[in-house]
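Trainee: Just so you know, the sequences run in chain order A and B.
First residue of the first sequence: 492, per this note's numbering; consecutive thereafter.
First residue of the second sequence: 913, per this note's numbering; consecutive thereafter.
Hints in this document: simulated from the structure, not taken from any laboratory.
Note that the coordinates shown come from a computational prediction; the quantities given were computed from them, not determined experimentally.
Just so it is clear, CB atoms sit at the ideal spot from N, CA and C, and this is done for glycine as well.
Mixed in with the good hints, there may be bad ones.
To be verified - Simulated DEER-style distance windows between Cβ atoms:
#1 A:Thr-509 <-> B:Ser-951: 29 to 35 Å
#2 B:Thr-1009 <-> A:Leu-548: 54 to 60 Å
#3 A:Gln-515 <-> B:Ala-1245: 57 to 63 Å
#4 B:Gly-1156 <-> A:Gln-515: 44 to 50 Å
#5 B:Val-961 <-> A:Ser-524: 18 to 24 Å
#6 B:Arg-940 <-> A:Lys-511: 21 to 27 Å
To be verified - Lysine to any residue pairs mimicking SDA-like chemistry, simulated, CA-CA at most 25 Å apart:
#7 B:Lys-928 <-> A:Ser-524
#8 B:Lys-1077 <-> A:Ser-516
#9 B:Lys-917 <-> A:Gly-539
#10 A:Lys-536 <-> B:Ser-984
#11 B:Lys-928 <-> A:Glu-527
#12 B:Lys-917 <-> A:Val-537
#13 A:Lys-641 <-> A:Asn-720
#14 A:Lys-657 <-> A:Lys-736
Stated by the list, open to error - Among chain A residues calculated to face chain B with C-beta under 7 Å, some are:
#15 Thr-509
#16 Trp-510
#17 Ile-513
#18 Gln-515
#19 Ser-523
#20 Val-530
#21 Ser-584
#22 Ala-749
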Amino acid sequence: MAARTPTSSSRRKRKANTWKDIDQSVKPKAMSSASERRVWMGRIKVTGAALLFVCVLVAALHFLPRLEGGPEVLTKAGESMPIQVIDVESDGSLEQDYILRQLDVPENANLLSVDLDAMKARIELIGQVRSAVVSRHFPDALEVRIKERKPIVRILAQRANGETLKLFVDEEGYVFESEHMDPKVARTLPFLDGVTLSKEEFGYSRIEGIRPLAELLSEAQTVAPHIYNAWRIVSLERHDRLITKGRAAKEVVFDRYADFRNQLGRLDYILDDCRSKRRGEIASVDLTLEDQVPVRFL
Amino acid sequence: MYKTKVIAGVDIGTSKVTVLLGEIHEGRKLNVIGLGQSSSKGLLKGEIVDYHLASDCVHAAILAAESQAGVSIDGVYLAQTGGHIEGFPSEASVNITDPDGRVQSEDVEQACSLAQGRELPENRTTIHHLRRPYRLDGRSVESPVGMEGERLEVGYWTMHGDSRKIGDAIHIINGFNLHVDDIVLAGLASSAAVATTDQKKSGALVIDIGRGTTDYALFLDGRCIKAGCLPIGGDHISNDLSIGLRMRLKQAESLKLRYGSAIVEHKDKTEKVWLNNDFEIGDRPIPLWSIEKIIELRVSEIFEVVRKKLGAQYLPERISSGVILSGGTSNLANIDQCAENVFGIQAHVGNNAAMASGELKDSQYSTALGLLHYGLQYQSEKSYAKHRQSSIFGRLKSLFQKV
Chain A
492 MAARTPTSSS
502 RRKRKANTWK
512 DIDQSVKPKA
522 MSSASERRVW
532 MGRIKVTGAA
542 LLFVCVLVAA
552 LHFLPRLEGG
562 PEVLTKAGES
572 MPIQVIDVES
582 DGSLEQDYIL
592 RQLDVPENAN
602 LLSVDLDAMK
612 ARIELIGQVR
622 SAVVSRHFPD
632 ALEVRIKERK
642 PIVRILAQRA
652 NGETLKLFVD
662 EEGYVFESEH
672 MDPKVARTLP
682 FLDGVTLSKE
692 EFGYSRIEGI
702 RPLAELLSEA
712 QTVAPHIYNA
722 WRIVSLERHD
732 RLITKGRAAK
742 EVVFDRYADF
752 RNQLGRLDYI
762 LDDCRSKRRG
772 EIASVDLTLE
782 DQVPVRFL
Chain B
913 MYKTKVIAGV
923 DIGTSKVTVL
933 LGEIHEGRKL
943 NVIGLGQSSS
953 KGLLKGEIVD
963 YHLASDCVHA
973 AILAAESQAG
983 VSIDGVYLAQ
993 TGGHIEGFPS
1003 EASVNITDPD
1013 GRVQSEDVEQ
1023 ACSLAQGREL
1033 PENRTTIHHL
1043 RRPYRLDGRS
1053 VESPVGMEGE
1063 RLEVGYWTMH
1073 GDSRKIGDAI
1083 HIINGFNLHV
1093 DDIVLAGLAS
1103 SAAVATTDQK
1113 KSGALVIDIG
1123 RGTTDYALFL
1133 DGRCIKAGCL
1143 PIGGDHISND
1153 LSIGLRMRLK
1163 QAESLKLRYG
1173 SAIVEHKDKT
1183 EKVWLNNDFE
1193 IGDRPIPLWS
1203 IEKIIELRVS
1213 EIFEVVRKKL
1223 GAQYLPERIS
1233 SGVILSGGTS
1243 NLANIDQCAE
1253 NVFGIQAHVG
1263 NNAAMASGEL
1273 KDSQYSTALG
1283 LLHYGLQYQS
1293 EKSYAKHRQS
1303 SIFGRLKSLF
1313 QKV
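Next comes chain B alone, as it looks inside the complex:
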């Protein structure tokens, strides 16, 4: 008999904590049944700096989601972001020992295990091993078992982070008496929501710009080959405005939201806008050109850092679906054009239309929705593995039960 499992996607962001509850039926159908949000406290650039404050706001969001859905959570999928997350390529190769020269599953396992076995520095812990296609005698293959060849190579992009910082995030969830079933890089999670399978197959670069961090994930041939996280985000734009135009951070944030543009639209340097727009003491005119220029420079810088991080992996001709932007800062006007200028390929702001409807289509829920997608995938794999392990008698029994 299949069970219904309630999972939670928890996205602990710099500006807010988002919790989405999903109900998984029969290990293959997902219904979103609850949403809880709270403004973040005790977090800086995606990292926990005050454990108790962060605990309170995360627990409040979980409680709100549980109360709305009227159910208890069975497991949590947690998004991970922050400047401590890094990645490195790891490769391994094995010679095929089979007398017929055919690749055996043992060969594949050995190659994978060698590639994943690289020791990490102290206090670092692995989050993901993102596998690239296998290479059999230099040709790219998806599943080499049974194929003829002499040498099998496998490559991974291994994502790792500070075990203490990851532990803090996990322990906050544990503090609510919940178990973390899996950790997913925030960039990968939001990619699952905003990029379709076809877009990933034809090549796509997903950039999720949050308030404190920017997560990116590069997809080629349907696989994520590189992902990462930068400790810069929307806050840095406000900060630049604040310093450059000499105003308080809140005023800068407000100005960004009201007049912000990621490219300079207004060339006339005399065109001005009011800082507070209330014509009271302290209100003053600000050149619109200056605002747009500062924002353009900072956003371009973020994109350039991403491009630099991608390095040789960034092949514009192979990224047919272009750049897909997500996260709160992607609501900035003309950000897609700015991305096109930097990356030299088409760019657009993504949404969650493929996964959700109504309010949840907004890109601020991309990460939490993506986490639920990962949860569904994990449950499906578990359910399939369980099904395969069951005896013939068990399968016959389930067949009769269905009939």
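The shape of chain A in the complex, shown without the other chains:
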């Protein structure tokens, strides 16, 4: 049977009964340049709107699970995650075991159940601690960060029962008791004399006017460590003078208000001079006079 060829009548379009049957799809060839511009503007607008919609949708899909899942994760952690790790870090000599004892974290305590403020307060009750930060690290870690006080002098005191007290003073005049100070550090510190200690509810009253002494000690450690190491006692007994007592010279008097580096330089020169000329043991050196330095020998 021969293949049927399309006749002109079969190619003819279906008769339109009403004008609404007329195809209204846009043929690009039929468009004027003005309408093409309009169509492109329309397409750009539609594409822009679609992109914006997609962006909003993607953002919503990305963040919604987090928003929904967030509180659930926290709840699960609070319900089921006991503290596994306590990470303690200190910038001083306090031992980790001692800090853990002070923290007093119950065994199998939940990370969310522990009172961070109470733990921080307990740590800061240790005199040697200047500040502490206690924080949770999900899912099961507690982090403790400690900054310790840096002592510049020590005080030798006794309790009423005759027991020796190891007290230290930092550069702000804060007096604290410490059994856990690094012995190497403690040994090098001079003793403080000429001050009166008074007890308060949590420790001792602050020592006023210690700032110049802190500066002198810091300067001496930096520029003349051999002189600093020879000092055994530093005294604040006179309000305008700083007095050091030690091996090289029994007593050296510094002017509290004058330049310490200059005074230390002059002292170093005198000590060297005396040592080289074998003038004997020095009883006192007074650096408070501007032009003259009275030196007394034993």
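Based on the hints, put chain B in the right spot on chain A.
Mentor: Just chain B, lined up with the frame of chain A:
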């Protein structure tokens, strides 16, 4: 929530393309917000003869209207005219089957469907079905549902046109990436603007004479019972002058506008006017009587053709509001008197005062304004239908929203 819709009434005429933009609020209020016009190219007697030229001028007018209004068009109402548009009466009747003898809505639907179902010749497409009043056992009724009777008759005046020519006009609009929501016969559209509801109820004949075509619509009892389009217009008057008085078409057009009258006012045959009125070489005197006589003959002929087309439907005693003239050629002097002479009833030049103010009152905007009127009607019907379809809950919700 109601939406605001921007519709465009596009009148592609032989002399110019007019685009009016209307903003429809809440499906019932219309504000005209933009106007765009461009001189027509690629059109002859209301029909497209050069697709690209016609596209360019239509698109330019739409773009101008959009730019003026600063909005984008949502839908287009397109006026249709041209000599290809024809009409025929179609009637159908059904016997009432209800045991109580009352007319059911199914009876009405069946009668309408039978009357509209007449097959058209190839490449013809329906534009409008203009329904006449129903007749129930010979008496004229507006809505027969629920009334007693044995036989229901319905009659339509079906307007149809060449589907390819209508398709061309639609595709020009589609080429601007716009959708044609509805097509309205230009004569019907201009009737909506120049004839009031009362005039239509008391009977009116609206004749819109353009440059290339003449559209007419006859209204009786508030309904359009017959409408049509003739491929003759103002251009033919200029053409007659050009041939009769041996001058160029532009000169004839100018003469028509300067001295034209649809009746002979100046009986003195020696009275003359200058052709170009510049007294230069080529300028010559033309008898005024000749100009007026040629115009009178041609305008009378147009009216007579309209009267002939109306046939038995033209009943002067039922057209109390007379002839209402519209379109650019209606600005011709004494055209109303010429119409009165031909039709034997009163005639006047209409304007759009009922629908518009200011510049838009001019009859050249009648068709575009009428299209917007149709658009508003269509949107209102759609909005009402949507409202009726909504659930009780939806209606209560909208009620509370209004409160």
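Trainee: Does each hint fit the structure? Answer for all of them.
Mentor: Now for the hints, and whether the structure bears them out:
Look at Thr-509 (chain A) against Ser-951 (chain B): about 32 Å separates their beta carbons, and that is inside 29 to 35 Å. For Thr-1009 (chain B) paired with Leu-548 (chain A), a C-beta distance near 57 Å keeps the hint of 54 to 60 Å intact. The supplied range of 57 to 63 Å is broken by Gln-515 (chain A) and Ala-1245 (chain B), whose beta-carbon atoms lie about 43 Å from each other. Judged by the Cβ atoms, the range 44 to 50 Å given for Gly-1156 (chain B) and Gln-515 (chain A) holds: they are separated by roughly 45 Å.
Range check, Val-961 (chain B) to Ser-524 (chain A): Cβ separation about 21 Å, and the 18 to 24 Å hint holds. Here the CB-CB span from Arg-940 (chain B) to Lys-511 (chain A) is close to 24 Å, well matched to the stated 21 to 27 Å. This hinted pair checks out: Lys-928 (chain B) and Ser-524 (chain A) have alpha carbons roughly 20 Å apart, not beyond 25 Å. For the given pair, Lys-1077 (chain B) sits about 17 Å from Ser-516 (chain A) by alpha-carbon distance, which is consistent with the 25 Å threshold.
Only pairs whose Cα atoms come within 25 Å are accepted, and Lys-917 (chain B) paired with Gly-539 (chain A) is accepted, the gap being roughly 23 Å. Only pairs whose Cα atoms come within 25 Å are accepted, and Lys-536 (chain A) paired with Ser-984 (chain B) is accepted, the gap being roughly 12 Å. A C-alpha spacing of about 23 Å is found between Lys-928 (chain B) and Glu-527 (chain A), which places the hinted pair at or below 25 Å, so the restraint holds. A threshold of 25 Å between alpha carbons decides the hint, and for Lys-917 (chain B) with Val-537 (chain A) the separation of about 19 Å falls inside it, so the pair holds.
As the CA atoms of Lys-641 (chain A) and Asn-720 (chain A) are separated by approximately 18 Å, the hinted pair is consistent with the 25 Å bound. Annotation: proposed proximity of Lys-657 (chain A) to Lys-736 (chain A) holds, straight-line Cα distance about 20 Å (limit 25 Å). A hinted interface residue such as Thr-509 (chain A) counts as satisfied when its beta carbon comes closer than 7 Å to some beta carbon of chain B; here the least separation is about 5 Å, so the hint holds. A least Cβ separation of about 5 Å between Trp-510 (chain A) and chain B falls short of the 7 Å threshold, and the interface hint therefore holds.
Interface restraint check for Ile-513 (chain A): the shortest CB-CB distance to chain B comes to about 5 Å, inside 7 Å, so the restraint holds. At a threshold of 7 Å, the smallest CB-CB gap from Gln-515 (chain A) to chain B is about 5 Å, leaving the interface hint in force. Against a cut-off of 7 Å between C-beta atoms, the interface hint on Ser-523 (chain A) holds, since the closest Cβ of chain B lies about 5 Å away. Contact between Val-530 (chain A) and chain B, as hinted, is supported at the beta carbon level, the nearest pair being about 5 Å apart and thus within 7 Å.
At a threshold of 7 Å, the smallest CB-CB gap from Ser-584 (chain A) to chain B is about 74 Å, leaving the interface hint violated. Hint on Ala-749 (chain A) is violated. Least Cβ distance to chain B is approximately 83 Å, over the 7 Å limit.
Of the numbered hints stated above, those contradicted by the structure are hints 3, 21, 22, listed in ascending order.
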